[in-house]
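Produce the entire structure from the sequences given, and follow the hints as far as they go.
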Amino acid sequence: MADILVQDLHLSYGPVDVLKGVSLAVEPGQILALLGASGSGKTTLLRSVAGLETPRAGRIVQGSNTLYDADRRIDLAPEARGLGFVFQSYALWPHRTVNDNVAYPLRLRKLGRAEVEEKVKRALGSIGLAHLGDRFPHQLSGGQQQRVALARALVYEPKVILLDEPLSNLDAKLREEARIWLRRLITNLGLSALCVTHDQVEAMAMADRILLLDQGRIAQNGTPREVYERPTSLYVAEFMGAHNRFEGTVTALDGDRVTLDVGGRTLRGRARGPLEVGGRAVAIIRLERVSARRDPGPDRVAMTLGESLFLGDRWELVFDWEVASGGETRQLVRAFALDGLDDGVWQVELPEQDLMVFPVG
Amino acid sequence: MKVKTLLAAASLLVLAGAADAAVPEGYPASYQAVIDAAVKEGKVVVYSTTDAAQAAALVKDFEAAFPGVKVEYTDLNSTELYNRLIAEVAAGQGTADVTWSSAPDLQVKLAADGYAAAYPSPEAGKLPAWANYKNTVYGATADPVTIVYNKRATPEGDVPTTHDALLKLLTDKTEAYKGKVAAYDPERSGVGFYFMTQDEIQWKAAPELFKAFGKVGLKTYTSAGAMIEKVTAGEHLMAYGIFGSYAVSRNAKDPNLEIVYPKDYTLVTTRAVFVPEKAKNPNAGRLFLDYLLSKRGQTLIAGDAKLFAAREDVDGATTMATIKKAAGGQVKPIALDDKLLDGLDQTKRLRFLKDWSRALKGQ
Amino acid sequence: MSFRSFRLVTLTLTVLAVLAPVLLIVYQSFLSGPFFQPRIHLSLDAYAFILDDEDFWQALRTSVFLAVGMTVIAVPIGVLLAFLVVRTDVPGRDWLEPLVIIPTFMSAVVLAFGYVIALGPVGFVSLAFKSVFGTVPWYIYSEWAIALVAGLTHVPHVYLYAASALRNLGSDIEEAARTAGAGPWTVALTVSLPMVMPAVLYAAVLVFFLGFELFGLPLVLGDPEGVLVLSTYLFKLTNKLGVPSYQLMAVVVVAIILIAVPLIMLQRRLLRHAARYVSIRGKGARKQPIRLGAWRWPAFAVVILWFGFTVVVPMAGITLRSLVTSWGDGVNLLSVLTLDHFRDLAEHGDVVRAILNTLGVAVIGGAVTIAAYTSVAVSIHRWNSRWAKLVDYIAMIPRAMPGVVAGLAMLWIFLFVKPLNPLRSTMISVWLAYSVVWFAYGLRMISGSLLQIAPELEEAGRTVGATPGQVARHITVPLIKGGMISAWLLIFLIFAREYSTGVYLLAPGTEVIGSLMVSLWGTGAIDLVSALAVVNTVIIVAGLAVALRAGVRLHG
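Chains as they are written, first to last, in my numbering: chain A, 1 to 361; chain B, 362 to 724; chain C, 725 to 1280.
Hints were generated in silico from the structure; no laboratory data involved. Even for Gly, the Cβ is constructed at its ideal location relative to N, Cα and C. It cannot be assumed that every hint is accurate.
[What the hints assert, rightly or not] The following residues of chain B were derived to be distant from chain C, with all beta-carbon distances above 12 Å: (1) Ala414; (2) Ala452; (3) Gly453; (4) Asp676.
[Unchecked claim] Quick list of simulated restraints, FRET-style, between CB atoms: (5) C:Val1036 with B:Ala678: 33 to 43 Å; (6) C:Ala1266 with A:Gly142: 43 to 53 Å; (7) B:Asp706 with C:Trp868: 33 to 43 Å.
Structure (structure tokens):
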């Protein structure tokens, strides 16, 4: 049985449809990332599960417990759902100390004084903040606040935790540490989690599954590798990873092998949707799949190195792909490389099996 | 044991009190019943237009004269008093035990509408006839209607001693008195209307005076306080139609404010008192009314309260005799009678106001 | 009690308390006589009479003139003062704010009389001016002068709204303009002002509306020339007929309500508009004041000039009057100095009680009032319902009743609603009347604080298991504690000078300073009135000083 089951959820703000029939399932012990651009409805979906938004139609079930069912007119109040929720801004109550923030859910559950104290101590200890219990939230750093928010959401031992952009307010370095820590914490506690993020790297790093939302609909639902490597639509392909994009016309089709004319240049790739000869298409190739060689070969094109950007752990190379006559004069092709290259003309390889071609229109 | 002693002491005190509150001299013996009933009622609720501070001496003396009857004194303006009384009666919860108002016309109107209880006061015979409306509403004071002027700023020869003289002054020296004369506005003030209509009754040339007011650019007011204040400050030289009681108390503090009791006629108005039909403590109300009209009460009114006594058989600084002396005998008390109701007749009222406003515009 | 029933009870009580007097007056306007008398019937005669009355139209014209004049004067000055105090390095910006709001808390009658003593034809300022220049070029009893005084004394209303809007504006927005090459004044006009425009318009509508309920100023300053406004027209109406005619008074009130309702709707629209501006509130709470440079002292002079004219001049007038036996042309003030008025005041039996009652109703009553307003505000907080909107709308309506009529309506309610009978003639009735009339003002202050709470703080409470009631008690209300204390301070200051609403509820034992002042004014005891006004002002200023010292902020 799934820990969280959402079926065909619809939600509108007045005339604006925000969720247009979303379904998902979070299996026990799984972390599901809700990924999407701003306005895709991912936060609204999360808040609907928490009971902070009221959908128009659909069903939300937790285990054997129906949280929301439009047909049966069930809509449990947020406090009756027993979920954990971590807000993007952490939403720590500024008028309460760290101890009181974490103790509050326990006091609501009418636990004895000693038990509350003990559980708060343990919760704060487990996040390494036992010594800061008497501080007020504004006296803590961002990372500490984030952990207190998490402790507050977990102290009453919910089965499911909902996280709204939990790492977005941390600085870059802290974020990378926090996502490992967070994933480990959730897995160790055996929780199921639903985590909203707009950062694909974070989603891939933390989640067992990714659900990519596009304008209130599910664009793709799969494991991080599936979503990254086998995007089912142009939208998903473009959303994930850094890529080169070429627009052109299909000139030949052979099974899933496609030949594309891009402003007078010819590219070969694999079809990722129904294409037809003469139709418009977009080809996508991730930067790490592009490489520069000395010698000509299959799928290689001569290009001039325009710029080399040093990124620390690697280089980003920008090539100018000149064309002899007709068509667009300039086409930029970017690539990642471990080492910098000399200026000049290079044979840039765009491997056929890595060039994903999607139909447009 | 201790409690018993206290109780005994208390009852002694009550007895002593009762002994004090004997039937006043000249009252029928049956009056003891009124006193006893009033003591039983325990308090008297007074709605009055006379400021609590000014009435404080009266209240204190009444409580001394009738121990066991406490005075609850509320001061209101005459319109508020009227509104409150009729609303309380309509709500059926009883109302004040005594109303005492400087708007005799409204008091007579309330009596005519059945809000006042007829009560032949044992003091009724001692009052002048003009101060008794059907043994129901009584006039407790005799407030002269005066002219006040700023002694420092007004040339001595200009001070008008009669209404005629005032008319002549304003006609002859129109320019000099431009904007320097103040009076109640009969359009906005009930008192002003009441005084000015009485002038018309007493004096044929009154409309001429109103026209003269128009020519000197009369400043009109709704409050006597503001007028007196501005005359003492010299913003105005004189104010027409001022309650003598206000003028006298200011004159005592600032002799620069001088008072004229017009020698052709000095109107006298009264603060009229009655016991409402729906009084909660009617006996205490009667007791208070009788006290106000009694020699003891009137002497205080003529003395500490500076309110001009209505009875002519009392001595003091402010009495009918004071007015008569100052006015050269020409005293015209405005009687408490049905004619006052004419002033409240809407048609007549609007006609007068129209004439007044035309006179002020010089038409 | 569940939050739902709490909300139901609170809002029902609120609607009853607020609408009862208003509906009673509206009902009265359609009757042929006092509603409580037998043999009355429904009638439109009262409307016919009023609409036919030349004086009504004259009063309406004057009211419109004053409302427009006030708005035109108060809005620019209020915005300017707010900008100087909040956003610039004008000298003394820390202590200027409490000064700026003082006129709100002074009784208009006292203020007006202070002007008479200072700037009247023989006022001490006028006489001094005359001795130098030979003539006095102003006349404070004209409509223009009343509009000017009313405008200047209503500056604080605009100030409060503009200042809080400016405070919410991130300084980065202004700094961006400065770095782009704009001078401080250009920034003020082209960046700051447009950003706070919705708040300023809101305040402008408020001031315009307050123009229709002006009473004390036209009563005193309009007296000599017979300048009538709608609220003083009520007196004339009573006098025309000899006895009070409630249906006619009611019609005038209905007319004022009819003017008020579209203004309230306009305000709500502006408020919605203002909410849109909040979203672009810049980051960076640290406010870097704009450097005025050479303009610093001239700017300071503007604030002091306004304060001098609006507070110092009338207050000096009243204080002077309380210390002399007479004043005016040809009086050597030094020779008439006296403390007798204060001595007389101390002997006045009711003064001590009036002061205690005033403090009681202002301090304790004010606290209870704030608790009540907070209950209402919390009830409609984040409640997207027509009922919430309704409460917000009707809150303003009692304000449309001039004090004299509101007082009468309150008397009627306490008389004719049997369960309330025992409360009449107690301070509770006086307190209730004040609370109803100032409801809109207080509700706005509290809901303003509520709006500053980030919604997720409350949502966090719900998700960890708190019911709406628990969230309100444990999170929402504790979070606005500062705002509530500020509101308490403002309500204290207002209740300390209020009286007209309670005038019919007064009984021995329930005198307040305001009512005492009115009855003394009626008997012409202006020396005592002045002394009492000085005492009242001392109490108010002391209250303000104590609160500010204790760390209470004027803005929540």
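Now for the hints, and whether the structure bears them out:
1. Ala414: Violated, since 5 Å does not exceed 12 Å.
2. Ala452: violated (4 Å)
3. Gly453: Gly453 (chain B) not clear of chain C: closest Cβ-Cβ about 9 Å, inside 12 Å.
4. Asp676: With a cut-off of 12 Å, Asp676 (chain B) remains clear of chain C, as the shortest Cβ separation is near 25 Å.
5. C:Val1036 with B:Ala678: 33 to 43 Å: With a Cβ separation near 41 Å, Val1036 (chain C) and Ala678 (chain B) satisfy 33 to 43 Å, so the hint holds.
6. C:Ala1266 with A:Gly142: 43 to 53 Å: holds (45 Å)
7. B:Asp706 with C:Trp868: 33 to 43 Å: holds (39 Å)
Hint violations for this structure: numbers 1, 2, 3, all remaining hints satisfied.
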